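K.L.:
So the protein sequences, as listed, match chains A and B.
Start counting the first sequence at 1; every next residue gets the next number (the working numbering).
Start counting the second sequence at 1; every next residue gets the next number (the working numbering).
Calculated from the structure, these hints are not laboratory results.
Computed from a predicted model, the values in this text were never measured in an experiment.
Wrong hints could be hidden among the right ones.
[To be verified] Here are the simulated distance ranges between beta carbons:
| hint | chain 1 | residue 1 | chain 2 | residue 2 | range |
| --- | --- | --- | --- | --- | --- |
| 1 | B | Pro309 | A | Thr115 | 15 to 23 Å |
| 2 | B | Gly27 | A | Arg354 | 52 to 60 Å |
| 3 | A | Arg173 | B | Arg48 | 16 to 24 Å |
| 4 | A | Pro112 | B | Trp308 | 43 to 51 Å |
| 5 | B | Gly290 | A | Ser184 | 30 to 38 Å |
Glycine is no exception: its CB is placed at the ideal position from the N, C-alpha and C atoms.
Protein chains: 2
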Amino acid sequence: MTLPADHPSHALRAAGSPMLAACRGDGGRRHTPVWFMRQAGRSLPEYRAVRGSGSILDAIADPALSAEITLQPVRRYGVDAAILYSDIVVPAAAIGFGVDVAPGTGPVVAEPFRTEADLDRLVPLDPKTHTPYVLETVRRVVAELTPMGVPLIGFAGAPFTVASYLIEGRPSRTYEHTKAMIHSRPDLWHELADRLADLAIASLRSQILAGASLLQLFDSWAGALSPPDYERFVLPHSAKVFAGVADLEVPRIHFGVGTGELLTLMRDAGADVVGVDWRVPLDVARTRIGERHALQGNLDPALCLADWPVAEEATRDVLRRAGDHPGHIFNLGHGVLPETDPAVLERVVDLVHRETDRSR
Amino acid sequence: MTLPADHPSHALRAAGSPMLAACRGDGGRRHTPVWFMRQAGRSLPEYRAVRGSGSILDAIADPALSAEITLQPVRRYGVDAAILYSDIVVPAAAIGFGVDVAPGTGPVVAEPFRTEADLDRLVPLDPKTHTPYVLETVRRVVAELTPMGVPLIGFAGAPFTVASYLIEGRPSRTYEHTKAMIHSRPDLWHELADRLADLAIASLRSQILAGASLLQLFDSWAGALSPPDYERFVLPHSAKVFAGVADLEVPRIHFGVGTGELLTLMRDAGADVVGVDWRVPLDVARTRIGERHALQGNLDPALCLADWPVAEEATRDVLRRAGDHPGHIFNLGHGVLPETDPAVLERVVDLVHRETDRSR
Numbered sequence: 001m002t003l004p005a006d007h008p009s010h011a012l013r014a015a016g017s018p019m020l021a022a023c024r025g026d027g028g029r030r031h032t033p034v035w036f037m038r039q040a041g042r043s044l045p046e047y048r049a050v051r052g053s054g055s056i057l058d059a060i061a062d063p064a065l066s067a068e069i070t071l072q073p074v075r076r077y078g079v080d081a082a083i084l085y086s087d088i089v090v091p092a093a094a095i096g097f098g099v100d101v102a103p104g105t106g107p108v109v110a111e112p113f114r115t116e117a118d119l120d121r122l123v124p125l126d127p128k129t130h131t132p133y134v135l136e137t138v139r140r141v142v143a144e145l146t147p148m149g150v151p152l153i154g155f156a157g158a159p160f161t162v163a164s165y166l167i168e169g170r171p172s173r174t175y176e177h178t179k180a181m182i183h184s185r186p187d188l189w190h191e192l193a194d195r196l197a198d199l200a201i202a203s204l205r206s207q208i209l210a211g212a213s214l215l216q217l218f219d220s221w222a223g224a225l226s227p228p229d230y231e232r233f234v235l236p237h238s239a240k241v242f243a244g245v246a247d248l249e250v251p252r253i254h255f256g257v258g259t260g261e262l263l264t265l266m267r268d269a270g271a272d273v274v275g276v277d278w279r280v281p282l283d284v285a286r287t288r289i290g291e292r293h294a295l296q297g298n299l300d301p302a303l304c305l306a307d308w309p310v311a312e313e314a315t316r317d318v319l320r321r322a323g324d325h326p327g328h329i330f331n332l333g334h335g336v337l338p339e340t341d342p343a344v345l346e347r348v349v350d351l352v353h354r355e356t357d358r359s360r
Numbered sequence: 001m002t003l004p005a006d007h008p009s010h011a012l013r014a015a016g017s018p019m020l021a022a023c024r025g026d027g028g029r030r031h032t033p034v035w036f037m038r039q040a041g042r043s044l045p046e047y048r049a050v051r052g053s054g055s056i057l058d059a060i061a062d063p064a065l066s067a068e069i070t071l072q073p074v075r076r077y078g079v080d081a082a083i084l085y086s087d088i089v090v091p092a093a094a095i096g097f098g099v100d101v102a103p104g105t106g107p108v109v110a111e112p113f114r115t116e117a118d119l120d121r122l123v124p125l126d127p128k129t130h131t132p133y134v135l136e137t138v139r140r141v142v143a144e145l146t147p148m149g150v151p152l153i154g155f156a157g158a159p160f161t162v163a164s165y166l167i168e169g170r171p172s173r174t175y176e177h178t179k180a181m182i183h184s185r186p187d188l189w190h191e192l193a194d195r196l197a198d199l200a201i202a203s204l205r206s207q208i209l210a211g212a213s214l215l216q217l218f219d220s221w222a223g224a225l226s227p228p229d230y231e232r233f234v235l236p237h238s239a240k241v242f243a244g245v246a247d248l249e250v251p252r253i254h255f256g257v258g259t260g261e262l263l264t265l266m267r268d269a270g271a272d273v274v275g276v277d278w279r280v281p282l283d284v285a286r287t288r289i290g291e292r293h294a295l296q297g298n299l300d301p302a303l304c305l306a307d308w309p310v311a312e313e314a315t316r317d318v319l320r321r322a323g324d325h326p327g328h329i330f331n332l333g334h335g336v337l338p339e340t341d342p343a344v345l346e347r348v349v350d351l352v353h354r355e356t357d358r359s360r
């Protein structure tokens, strides 16, 4: 299928959305688009004011609250894209796998995935019944964003990163149980990853059909893998996710941390845009992925905790290294740190827009 | 100065130590040497039997115990090098900075380094008075190892990695306070890093003069930095450490995790051997560092938790990628994981020795 004629992405493209233009390497964009991973979150006082102290999964299940949180950074920063306020474990939690998000820790699973029997806990996602609140949030957000000319990014966790939470049971530095399963039980691993690919596809399709204009697949922890292991055990499943949404023809961003050696593989999984953290300078990343894809990144979020001249110089350095290539989306190399002063991010947005302004 | 004529490294070199030969790219070595980071530790039942439950700093301060622990993996595995049982925060703790190592957590600092006033807490290290137990452990270990033809690796933490603990106060994923200081207070950062370089130099020199035949500088967390930041703020201080021991003419290994983009800079800091984690295949690492230096690595330690055929294939892959270059030291890409079955590591050692045997 293709997107219906009244999908907001058509209007946004016609209106010259810099974000949608950059994803396609369109040189006619007004300026380099900028948004920030985790731009909606604890760094914003208006977020802390509405968020309360309950579980993030409860907040995500409240469309009025989630829509408000999604929109806050657009209003404050004038970023070129919103990203849905959600979490990569939402689909797994919604189908009843037994995932929670512990404040200050992250996703935790009381009974981690270990054997074939656990596959039964991974039933197919029916977005209309399992995550109707996500669709309602998307609709509310898009109704506000489209007149502003700003697209919404839908997202999902990639099979490896979601699997790492389900298998480890909590955030890990070594991913040792996951790697042990990948290698000792490749049959079980592939079955698990295949089901998580289906979960991601169902979730992404529903977000797009509800109004999101592009998507990001978060394989945040794929950088823990060697390139041969990534290629053999992970890439096929992420490629399935990208292939599973290809007919919708929305731009696809593929992001992970510490993925310097994986950039070409992550590109080849089917992405239009490859996200890069700050460890790989963008000019180096460009030599790896070539001229035909867009890059997203890559200011070190920790530098936004320093004084403005530091963030300013680092922002300018990112722009210099991105060069004249029209396929650049300015972002941090990872999520906004909670202690970040929003005033610094405001200035980053202004600087990127000013320095790359093509309307003059 | 140069090493005294009776320093054990002369005898070990004359006896054809594969470890010392590989560090210098000497093609005449008997086989590719192998040792494992954290080979002395919780994965060994004989370690758990002697270690007790007290602080690791107390264990390190007991030369009889530390020497025994250092020697255990040499006896069990027949590795080609021992590494001193110690910790990178030992010098800072010994001069009274106020560092402890919390079981299950890592180094913790009750009063983190934040201002100029904290510089006064970093007095020069006098190894004979501050860490006499380290020197005694080295002497005991070397007395046993030298007749076996096995060299001892002395080590220190590099200024960035040690500073990250002193500044963050505990292990960190983001190093945000450290990066903020680097950029907002470069004067204070450089003064701190310079003192930590002096600390590392004093510690390394004392270990070598007591009998260690080579050294490894652990900049475990340097991979958190972008290459420009590493080059400007970290490399000069690590280079000072290497320069500060150059006259002793022992091989110098430089190691960090996630340092794919930093390998040439870490080489240029003054290392003879560049350590590589599993994220960068060794053939790729070789193209980055060139032919004139040795490489150490890089089996993913998590693969040693899988079944033997998995570890076997991964070991063979490392050897294939290392190729014929005489400058290869087989190691894991990071430390042995506590859950590792020692039988797997035994087989890795045997396999590396057998596959690279040149005595036939």
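K.L.:
Hints numbered earlier in the text: which of these fail when held up against the supplied structure?
P.N.:
4
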